[in-house]
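Number of protein chains: 2
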Amino acid sequence: MFKDATIEEINSAAVLAWKTFHIYRKQSLKQRADFMRAIAVEIDALGASLIETAMKETNLPEARLQGERARTIFQLNSYAEACERGDWLEARIDTAIPTKTPPKPDIRKMLVPLGPVVVFGASNFPFAYSTAGGDTACAFAAGCPVIVKAHPAHAATSELVAGAILKAAEKSNMPQGIFAHIHSSGFEGGKALVMHPHVKAVGFTGSFIGGKALFDLANQRKEPIPVFSEMGSTNPVFLLPEKLNASATDIAKMYAGSITLSVGQFCTNPGLIIGIAGPSLQNFKDNLAAEIKNIAPATMLHPGIAKAFVGKREAALKQPSVETVAVSSLPSKENQGTPTIASVDAKTFLKNPLLHQEIFGPYSLIVSCADMKEMTAVAQHLEGQLTSTLMATDKEIMENEDLVEAVKNICGRFILNGVPTGVEVCLSMHHGGPFPATTDSRFTSVGADGIKRFARPVAFQNWSNALLPDELKNENPLNIWRTVNNMLTKDVSTV
Amino acid sequence: MFKDATIEEINSAAVLAWKTFHIYRKQSLKQRADFMRAIAVEIDALGASLIETAMKETNLPEARLQGERARTIFQLNSYAEACERGDWLEARIDTAIPTKTPPKPDIRKMLVPLGPVVVFGASNFPFAYSTAGGDTACAFAAGCPVIVKAHPAHAATSELVAGAILKAAEKSNMPQGIFAHIHSSGFEGGKALVMHPHVKAVGFTGSFIGGKALFDLANQRKEPIPVFSEMGSTNPVFLLPEKLNASATDIAKMYAGSITLSVGQFCTNPGLIIGIAGPSLQNFKDNLAAEIKNIAPATMLHPGIAKAFVGKREAALKQPSVETVAVSSLPSKENQGTPTIASVDAKTFLKNPLLHQEIFGPYSLIVSCADMKEMTAVAQHLEGQLTSTLMATDKEIMENEDLVEAVKNICGRFILNGVPTGVEVCLSMHHGGPFPATTDSRFTSVGADGIKRFARPVAFQNWSNALLPDELKNENPLNIWRTVNNMLTKDVSTV
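Line by line, the protein sequences are chains A and B. The numbering of the first sequence is the numbering used here, which starts it at 630 and goes up by one. The numbering of the second sequence is the numbering used here, which starts it at 630 and goes up by one.
It cannot be assumed that every hint is accurate.
One copy or two, either will do: identical chains are not told apart, so a pair holds if it fits within one copy or between any two.
In silico lysine to aspartate or glutamate, EDC-like type, Cα no more than 16 Å apart, as pairs [what the hints assert, rightly or not]:
1. LYS922 - GLU691
2. LYS820 - ASP845
3. LYS655 - ASP1031
4. LYS648 - GLU1034
5. LYS1037 - GLU710
The hints are simulated quantities; they were obtained by calculation from the structure and are not laboratory data.
In isolation and in its complexed conformation, chain A is listed as follows:
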């Protein structure tokens, strides 16, 4: 057990982070990138002890944690590369036109860091979305110091990673206060961090209740600040009839795997499957049921999550017109999640908001519609989602434009003939989506575009070349892409 930080300690961390911000933001893109790469090295150097500690705290299997550690290291290294490449700076130069009436001044713009960032890690990703995860990496790349509130469910793992960050900071000659690590078992510590006037942005991955509470707090500040809460979703999957006819067995097999992967503990877990009533959907259900019955329950991240799963699953199964399609037939122990599939008709689903809620764990609800029109109505009435998926033939995509547009309109990632689980770390990834999937649909928490969450533009007007930041100097010393007089180029700017 780790001691909760006092309010005084939290205040000190914020004050120090603010002071450090004025030093760190002046460091070059290369210095920031080198620091991030040094963190990756130190995390790797923690070796087996990191994996063992995380296994104990999260019940996640060794291979999964090794994969997640590799992903975390890849994030740090690839965001470091993106940081140096500098595309994210959105550098723009418009040169002066002294002959214009009135004369047009020289104006140049780039993104600058917001200030100290507070990160709340996720319980289900002890590495990749936690202490040195995507939010922290993006904030460092942007030029912001970070204060992490450790997730209480994996506090020791978080301590180890925090140690690696501090070691890397020291080796990279980073200023004191570039990173702080706070333990707080209740809500008060997190609240104090979000409300502190020196904190300028918040990253959060977790429940709707937690993420929305931070968003509301931040908006009640004298100076409201951006909160990037990623709060999960039900990730609806739409099964179109022609596709389902052709491959019900394969789709059932693929989805049985996706629904139960890591005991369903992914924010991209497919929690809703929408089809059209008939023999193909029945065939799919039968196949999915057969698969699910043979998938063993497994221990969830922590007792709180297991208890919430049992409670929410039971409440859903008790709703009028909800039928249980399949439950794992294998024995279950305490704190394990039992794979479960239920079904309901679309009319009932549309009227019952409880059935729209995410049930975090190995559970999915099949919604059967009378026809395509009703399927489109379901898509139009769903809340914002991280992902939505269409299982469809090309012909079905072309012939059902209303459905396709409605499904696209509710999601951040739009998948065709695949599963939503598995979030690739790359620039084209959008891990975000309309509310309530996140509190800000315009930004991603995966991929290097996430750096932009922690930056804002500043325009420099009438500065001489020598006084401009390197990013905006005529000679383009950093060799970055810039928009010069409306043209993207790496050339030196013409004055």
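Based on these hints, arrange chain B on the given structure of chain A.
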């Protein structure tokens, strides 16, 4: 006088805008751009009657309004060009790597429109920041229908411009409901618009009270939506001693003009001038006083603004230790703004929040500091600003890094040796700034980057080339810049 819209009429407009959104967002960049250019043509075609109507309603002089109309037309045309160029779409392509474990899918990302946008125009810019102003132009470029709440102070002008937009919409075969124009003299109409579930973003230019109220309303919705309120600021100007020594007279003359331009009715009006006590500052004060005394009071936009100016100016002048430096010596009529300069010491200024508030009109407060350290303290304690300005020699910039960094940190546009009035319309412009200058420091309301306010990313995973939007197809049919496998290029993507 125009009839206030009923709540039923407001609801109908929002419902129609939502329906139209699903049609308009599928229109090509070229169709959107052509529509915007058609609006510019129709506004131009309104001819003298538009200028005459605006002159009557706003008391602004003819030449100023002609300039503003030209600016509005330039905005529509240049944002149309930016819309077609497509850089704002942030198109990214990461091609599949089937040999990776697990296989990496093909992922492609671009910005898509948010949905219907509500625009609240500004009283001080009846064209450029109103009915067909920057917010409306950006929303159309992004693919969003627009509902404008006319500013009651220039409702007839707004009607004329709305007519031009509707004419352009008809000629461009735009869907019914692409644009709606609402009159509402009280707060209820605006509130109903912002709270409507089919409205997805809000643009506002005006007072802090109005902009913050809309921001708070939008955050209390079941589904919070982004509000881009540009709420003005005091635009501090820092006079460094060496520069002031060398050119006190010129600076005084330049600033007398900037402070009183358009009766000081600009959100970028320099309302604070910070210097170091001594003979140079006294010399500057004397010169500024001499100029101000000879600048005639002029009629303000409307009686409400004139009354607010008088009240706020009086309250400021009555604060302890505030001295009146100069007041126009020329005769003043009802509803006119009288050019006024006051001064105060930095210690008093730092302690009195009332003196930090914007006084909308031809007023500026000179803050005299004991030394550079106190000047830096003033910069560090100022609220967020649209602009800040340094009047300094290159040597002074290089030798006062703390001050320079503090001044940069509070503003959206950072000016060296110039005046903040005059907001150039170009891509490198940032018209925004930290709270309370705006409610979202990450976005601009001037320049084509403002389009991004009304869009969000969607990632397409595993879509075949034929089914992808043109923006993301392999062959790059729109010839736009895209980041393909981390490289910016216009080339076709390699699969």
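So, going through the hints one by one against the coordinates:
In the homo-oligomer, the alpha carbons of LYS922 and GLU691 never lie at most 16 Å apart, since the shortest distance is 25 Å inside one protomer and 79 Å across protomers. For a Cα distance limit of 16 Å, the shortest separation of LYS820 from ASP845 inside one copy, 11 Å, qualifies, whereas the shortest one across copies, 20 Å, does not. Proximity of LYS655 to ASP1031 under the C-alpha cut-off of 16 Å is restricted to the inter-copy arrangement: shortest distance 11 Å between copies versus 50 Å within a copy. Only between protomers do LYS648 and GLU1034 lie at most 16 Å apart by alpha-carbon distance; the minimum there is 12 Å, versus 48 Å within a single protomer.
Within a single copy, LYS1037 and GLU710 get their C-alpha atoms no closer than 31 Å, and across copies no closer than 27 Å, so neither meets the 16 Å cut-off.
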